[in-house]
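Listed below are the residues making up each chain.
Protein chains: 4
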Amino acid sequence: MLVVMSKFANQEDIDAVVAAIEARGYRARPIPGGERVAIGVLHNEGAVDASLFLGLPGVNEVVPITRPYKLVSRETQPSDTVIRVGSVNIGNGHLTLIAGPCAVESEEQALTIAEHVRKSGARIFRGGAFKPRTSPYSFQGLGEKGLKILAKVRERFDMPVVTEVMDVETFDMVEHYADMIQIGTRNMQNFSLLKRAGKARKPVVLKRGLASTIEEWLMAAEYIMEGGNARVILCERGVRTFVNHSRNTLDVSAVPVVQKESHLPILIDPSHAAGRRDQVIPLSRAAVAVGAHGLMVEVHHKPEEAMSDGAQSLYPRQFDQLCRQADAMYETFRNTDACSISTTV
Amino acid sequence: MLVVMSKFANQEDIDAVVAAIEARGYRARPIPGGERVAIGVLHNEGAVDASLFLGLPGVNEVVPITRPYKLVSRETQPSDTVIRVGSVNIGNGHLTLIAGPCAVESEEQALTIAEHVRKSGARIFRGGAFKPRTSPYSFQGLGEKGLKILAKVRERFDMPVVTEVMDVETFDMVEHYADMIQIGTRNMQNFSLLKRAGKARKPVVLKRGLASTIEEWLMAAEYIMEGGNARVILCERGVRTFVNHSRNTLDVSAVPVVQKESHLPILIDPSHAAGRRDQVIPLSRAAVAVGAHGLMVEVHHKPEEAMSDGAQSLYPRQFDQLCRQADAMYETFRNTDACSISTTV
Amino acid sequence: MLVVMSKFANQEDIDAVVAAIEARGYRARPIPGGERVAIGVLHNEGAVDASLFLGLPGVNEVVPITRPYKLVSRETQPSDTVIRVGSVNIGNGHLTLIAGPCAVESEEQALTIAEHVRKSGARIFRGGAFKPRTSPYSFQGLGEKGLKILAKVRERFDMPVVTEVMDVETFDMVEHYADMIQIGTRNMQNFSLLKRAGKARKPVVLKRGLASTIEEWLMAAEYIMEGGNARVILCERGVRTFVNHSRNTLDVSAVPVVQKESHLPILIDPSHAAGRRDQVIPLSRAAVAVGAHGLMVEVHHKPEEAMSDGAQSLYPRQFDQLCRQADAMYETFRNTDACSISTTV
Amino acid sequence: MLVVMSKFANQEDIDAVVAAIEARGYRARPIPGGERVAIGVLHNEGAVDASLFLGLPGVNEVVPITRPYKLVSRETQPSDTVIRVGSVNIGNGHLTLIAGPCAVESEEQALTIAEHVRKSGARIFRGGAFKPRTSPYSFQGLGEKGLKILAKVRERFDMPVVTEVMDVETFDMVEHYADMIQIGTRNMQNFSLLKRAGKARKPVVLKRGLASTIEEWLMAAEYIMEGGNARVILCERGVRTFVNHSRNTLDVSAVPVVQKESHLPILIDPSHAAGRRDQVIPLSRAAVAVGAHGLMVEVHHKPEEAMSDGAQSLYPRQFDQLCRQADAMYETFRNTDACSISTTV
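Protein chains in written order, with the working numbering: chain A, 141 to 485; chain B, 141 to 485; chain C, 141 to 485; chain D, 141 to 485.
Next comes chain A alone, as it looks inside the complex (with noise of 0.2 Å):
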């Protein structure tokens, strides 16, 4: 951490600066520059909190240096985390396609989609039983019920299913018949939910808050981490900008990003970053190039009726359509000597 002091800060507000950072038990050094001092904060394990001394007289700003997290952080493992899912493999360098209604309304449904999506070449089930929904008049999911029926599907595809929780009160519900655990955007920073994930013995998929920096999403995932949850895969799904022709824009930069700084897998959802149709099969093209290990996309075969989220879901003949084309840039990178997906430059 650097504490750059104003032009105009005196002795006695470098001291008062020096003599702050030295309580901390932190070693302070100051270096006078050409118009004004900064002092360098030294020997600090992990992070230091720059609101400690940035409302100090003389202070300028106060710059982190220091990436706050360890787990998540490449520097702390270099070599990319591969995560199983049943018999499933994410972040190997194979593109995990996941698909699925955005709700479980019923078997007959679920059922129904599971096999259009099977036969295309998903490997992954999703299917949300638990709903947070913006209104609370709208419809909040089977619960319990849908949960079983994610469990049909398993057993009748040979699918591992991934669904979302929304609290620490259904947690165990949901672990016992989940394989892997989706935390929602809007509860990335619920805290709670993430020390209760730390302990949970199944994968977690986290998703990106809507306004979330990347730092905030790793620090999200380092809660899961800290806690004792190893398995950790991060979901990038369009972030909340002035953009308005899209429901959310989607951040493809994120995932070189994410894989500079962290070991973890990234996946994309292209359904939530658009919010329509028309737009999915685009990003999910775009997702597939920048490199990440997966997406996330919704499909359902009779859009116009489903209860949440049908404007954004693909006709099942459409996510076709995607498989084929994202199996046939994967053969191109891997036959590329030029470029892989997972090694972005």
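Simulated from the structure, these hints should not be mistaken for laboratory data. Honestly, I wouldn't trust all of these hints.
What the hints assert, rightly or not - Straight-line distance between alpha carbons at most 16 Å, and here's what the computed EDC-like set of lysine to aspartate or glutamate pairs gives:
{"hint": "1", "chain 1": "A", "residue 1": "Lys210", "chain 2": "D", "residue 2": "Glu175"}
{"hint": "2", "chain 1": "C", "residue 1": "Lys210", "chain 2": "B", "residue 2": "Glu175"}
{"hint": "3", "chain 1": "B", "residue 1": "Lys400", "chain 2": "D", "residue 2": "Glu175"}
Once you've looked at the hints, dock chains B, C and D against the given chain A.
Chains B, C and D only, in chain A's frame:
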């Protein structure tokens, strides 16, 4: 709701949309325009889910017309809601000052600060016992010990206390000690927590999410009211934008918009918006001037030693200055026929 | 356009809105709903200014329906526009690679880089002679001397050249030397410059503004087309958001949306979106995959000595790698029935 | 500037960075930390371009320390600049009210509005003769005819007038008629226009760009000052964010930050921030309270017939109300020892 068709939509597309609308039990009314047809959705109670029709062939866009909120809406209750917290009223035209440290750190710290802010004019004491922290390695709050200290503050200074609740597990405990319960920014769409808050017997301060629209925020309040708790107070605390000179961007226009759309009181928290002490007083003045019903301000007698958010905490003498400015402004508004704080044109 | 009235609007308010609509020469059609009246504005050619009715008593909101753009709209011209620049076509399904340094610094620098990028597969050379710089103290470009160097590049390597024009004063000069003229991000709504570009006899690359909606961007293109120049190429280069791990946030969904709304070709500039070399290749791959008609990439043989934007310039060998990846992807798409780059579902 | 090395950087990387720094004529000082090395860049005058070092091997990030602006900086000139426009001073502690229509539409319109706003307390008249419009089909202003009407307003009511200049071609004409020249939001980084403004003999109001940081805004002002014109007034008018309940988001914290960083006066334009009449008065009050040196407000006597921006224009009686509120607030601040508008803590 209005479904706007593409210029290229044919009669078959239009018929399919009409059928889809009527299959949901609404009435469809096509409106021929110069270049394209729009189809009105009538006889719906409350809002219709736009996504139901967005993906159908020939549909260009879907425009919501009715607001989705009911109980929180000023159309439902035209007069302002006044909420009583202990002996203090919020929302009745007086400016309610809430102040205290970010986190309760010790009995001595809390009592010292409480004495200062009480004397300056704060009517309610704030202080965190459970702290949502970005890093799992940061101070997480004193927990129940902190709540007990808050109870002492109440007793000693006859001030109601407000503190944050982070999960359903500790809700009973927080509800037992606090006079008013805060749901923080990161939990604004933690729907399980909102449902629990709907059963609470204490008023709830609901902070706006980092990237929430006012509609989403009011829908979160709707969850609490729909659960049975009508005592909800909104709190604007800055939103996340590209701006980097303050921690967040205080959205002052949220105040007149909330006051137009809803009957619930609205506070402003200038401390989290600013993230830096030197912006807190100017933002506080703006908050009073724009017509907020109260302020929630972080104050610490030794901010350079604070365990969290020290950089944005005012010194007691600064808070005193803020109170004198706020009082003067309030008197001004009361004595000027031309204006009033709570009736914003 | 639809004028949505408040639930509390009375008949007098409605009549006043109807009168205001008809005073503008449009036809008003009130549409009674369950709880409120909406008034359709019919028989307008093109878009109506929403602000005309937004402030009238009883009006809740005004919803535009017709798009405001005409000449750029795919509703006006359904087939893709292909634009010829020297011997190169943009927009005909091939991927056009444009590369070169941020700024032309010297003849030797430009020729060296041109030789590299030509060999790797670039078809058009880019390089700035007039540089828009945030600081008046930064290198502002070589001016006409730079333009003459660009002319030499064209001659030597048989590559058309594109360079930025910053004002009407130097437009003639830039138009004389360049094969294609760039209007930069900061000038996207410099309407005087757009009008001059409408008179130009060369194709124009119009970069998206830092915080522009697609509607605003297409309206800027409309200025150029309305002035008489139909050869407009759009270029997405990232927008400004809260995200801080890249200089800007590349909005890949702009490609399918522009291709749906307009017949004009669209490029992606990954260099300015990233602002850092290590993100440029992944973003380039995403750009190809999402269906952009071309890439505009900064390349420098000695980026550490570049006079501007060195940090985001690729080394020649990296650009070569990018070309091989892009070629492989293009071949993949051409050979896969299931997909095509320019027809995005 | 501080160059922060990766944990994995080796001595060779560090030496290369040191060499690159010294090749630019600066002095490099490596600072060994706990886990990584940072390298200070010393003895530079003014700011160093971060991108010079960002792409070098082993470099993690580059942290600017010195501010890039000089002439506009409060470090260069500690005391407030007061700017005289005709007989009116801006920046001397009084609140300067500037009002008038968005566009000059006719002599009658301008004189009618001027009479109203003059009587209410406006000291400077605003009105556009050249209008930057998103659509080429919208009213573009009366041009010179509009400027002549402004000259009549000045004569008749003894009010200086401010109007926007859109390009270098019409600059002489605008400078001839106007007392103060406005550079609009969309032209904030039209550097050719800024350079011309640097030669102007009239004060310049520089509006903040839609997505500009304060640093970029101050650098735009630096262009004007560097050109020789020291009379620059800044104007905050809202920035673009995800927020959709106002046209833009008024960034009130820009006022204390600009006042800390620069000696130049700063106005607020609440009309363009709001985009809706019913938010203009609350935002104006916030602007006064936060310490702006003046307001620039749109007023129209028949806004429903205005040729642009009718929805955000106040009625004359509303502007009168605004003036009485602003006066009362100003008196309050003058009489309260505890506070002052221009000295923000």
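Now for the hints, and whether the structure bears them out:
1. The suggested pairing of Lys210(A) with Glu175(D) holds, with an alpha-carbon distance near 12 Å, which does not exceed 16 Å.
2. At most 16 Å may separate the alpha-carbon atoms for a hinted pair to count; Lys210(C) and Glu175(B) meet this at roughly 12 Å.
3. For the suggested pair Lys400(B) and Glu175(D), the alpha carbons sit about 54 Å apart, so the restraint of at most 16 Å is broken.
Against the hints set out earlier in the document, a violation occurs for number 3 only.
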